[in-house]
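Whole structure, please, built from the sequences with the hints as guidance.
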Amino acid sequence: MAQIQQQNPGAANVVGVDITPGETDSDVRGFLTTNHATGLGYSFDHDTRLITALGVTQLTTVIVLNPSGAPTWRAVEPTREQVQTELTKLTAQ
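If you're matching positions, the sequence shown starts at 0 in numbering that gives the first Met the number 0 and goes up one per residue.
Do not rely on the hints blindly, as some may be mistaken.
FRET-style restraints, in silico, Cβ to Cβ [claimed, not checked]: (1) Asp17 - Arg73: 24 to 34 Å; (2) Asp24 - Thr87: 27 to 37 Å; (3) Gln92 - Thr33: 33 to 43 Å.
Derived by calculation from the structure, the hints in this document are not laboratory data. Remember, predicted model here, so these are calculated numbers, not experimental data. Heads up, the beta-carbon is just placed ideally off N, CA and C, and yes, glycines get one too.
Dropping the structure here:
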């Protein structure tokens with residue numbers, strides 16, 4: 000996902016959502032550092048409001064939102080190429 004963010008700076012804002020109760024900023028920053036993704040934004044959803052609103056039922060779900068914030072595509076563990084294809088479609092509109 001960090002590569003997607005880097006390749007599409009004007010078209011994509013990638014945000015990780017941590018749902019693990021008790022994890023801290025330090026925990027998430029450590030994870031991002033380990034995975035060479037320190038440029039990604041992140042949020043916590045310990046009360047599951049966000050994942051409930053977006054209908055996420057599995058970890059590693061990727062959701063592409065249009066500029067209005069409406070979901071346009073979702074997949075579990077998609078490849079980088081799949082995400083890139085959806086972003087290209089969205090930015091072509």
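Now the hints, each set against the structure:
1. Asp17 - Arg73: 24 to 34 Å: Roughly 19 Å apart at Cβ, these two residues miss the hinted range, so it is violated.
2. Asp24 - Thr87: 27 to 37 Å: holds, 33 Å
3. Gln92 - Thr33: 33 to 43 Å: holds, 36 Å
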